[in-house]
Amino acid sequence: MKNSFVAAASIGVLLTACGGGGAGGDGGTPALTDAQRAAAATITAQSSSNACGPIRPFYWEIGDRSAALATGSVNGASGTAVYTAATPMSIASASKWLYSSYVVQKQNAALSDSDIKFLTFRSGYTNFTSCLPGQTVDSCVNYLDNGVHSDATDGRFDYGGGHMQKHASVIGLGALDSASLAVELRSQLGSDVGLAYSQPQPAGGVVSTAADYARFLRKLLGADLKMATMLGSHAVCTNPLTCPAGQAVGTPVPSAESWHYSIGHWVEDDPVVGDGAFSSAGAFGFYPWIDASRSYYGVVARHDLSGSGAGFASVFCGRQIRKAWMTGVSQ
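Residue numbering for the sequence shown follows our numbering, starting at 1 and increasing by one per position.
Source of the hints: derived by calculation from the structure; they are not laboratory data. It is possible that some hints are incorrect.
Computed cross-link-like contacts, DSS-like style, restricted to lysine-lysine with a CA-CA straight-line distance of at most 25 Å [as the list claims (entries may be wrong)]:
{"hint": "1", "residue 1": "Lys226", "residue 2": "Lys106"}
{"hint": "2", "residue 1": "Lys106", "residue 2": "Lys117"}
{"hint": "3", "residue 1": "Lys226", "residue 2": "Lys117"}
Taking CB as the label site, the calculated pair distances span [unchecked claim]:
{"hint": "4", "residue 1": "Gly309", "residue 2": "Ser198", "range": "45 to 55 Å"}
{"hint": "5", "residue 1": "Val183", "residue 2": "Ala256", "range": "37 to 47 Å"}
{"hint": "6", "residue 1": "Asn127", "residue 2": "Ile43", "range": "43 to 53 Å"}
{"hint": "7", "residue 1": "Ser150", "residue 2": "Ser198", "range": "23 to 33 Å"}
Beta carbons: idealized from backbone N, C-alpha and C, even for Gly.
Kindly produce the complete structure, drawing on both the sequences and the hints.
Dropping the structure here:
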């Protein structure tokens, strides 16, 4: 499916901020207000000298369980904003958090050992290449080597789309095409979460908007979805260079960092630079997150087909925006 992009109606950075906060509980230093947090986050997002400069243009948003608290469309070189909250785009691996949340909701948070193995990418289905738009879940499993099991990777973390593709088939979704797969996910995530599939690939086929994904994240923060109770659970080691021998085969995370992988989402807990956020970055630069305290969510939204590395370029920008919001200090 070719993505459509909606040009922003105005030029410059758009900011919305809600006031809040108040005096600290000890009567000393006043707590940060949302306006102060938003100002720091906006300066960070607009900066050309930090990790956000190289990824322009993009849209960003931070909010809590009730609403967006700060948003911005950061312009590209032309000066015209390209992305807004309503811009539809392929979100690639950000799809994984949606699918895993669907499974948790459908199964009332009672996951089997097999579910956990599939959703933490240790199932051994590690030969996945791609799906075609007109396929069903099952016909994609049977396409090329997508459904071929590898004994060598069984029980070891190996990031890829084959785990969720096979899992969807195993739990009875095999006959679904792109349209019916989207309907099925929305039956559990909520009809207010807009999403479509460009191909019937649970791990990477979703087309959505920042506004719709933010709505999903607010449901996690508000415990409206059962995934709220499973954030960070059953997390496994993912970096072959730092994990105990035999636990991990392949990860897209830069080798200098060591994260864990939970039920269809990352835990950014690198011992040096990690802040414990939960996230699910997509290869084209769509980066959704929830902070470690489960108080705030954020999205960096863009669609970059220029080459590899777009997803983690958005991560590096997004976590600076997150730090600015949490501390009130621009990065």
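Taking the hints in turn, this is what the structure says about them:
1. Lys226 to Lys106: 9 Å, holds
2. Lys106 to Lys117: 17 Å, holds
3. Lys226 to Lys117: 19 Å, holds
4. Gly309 to Ser198: 45 to 55 Å: 22 Å, violated
5. Val183 to Ala256: 37 to 47 Å: Because 41 Å falls inside the window, the suggested range holds.
6. Asn127 to Ile43: 43 to 53 Å: Hint holds: Cβ distance 46 Å, inside 43 to 53 Å.
7. Ser150 to Ser198: 23 to 33 Å: Once the Cβ atoms are compared, 27 Å apart, the range 23 to 33 Å for Ser198 and Ser150 holds.
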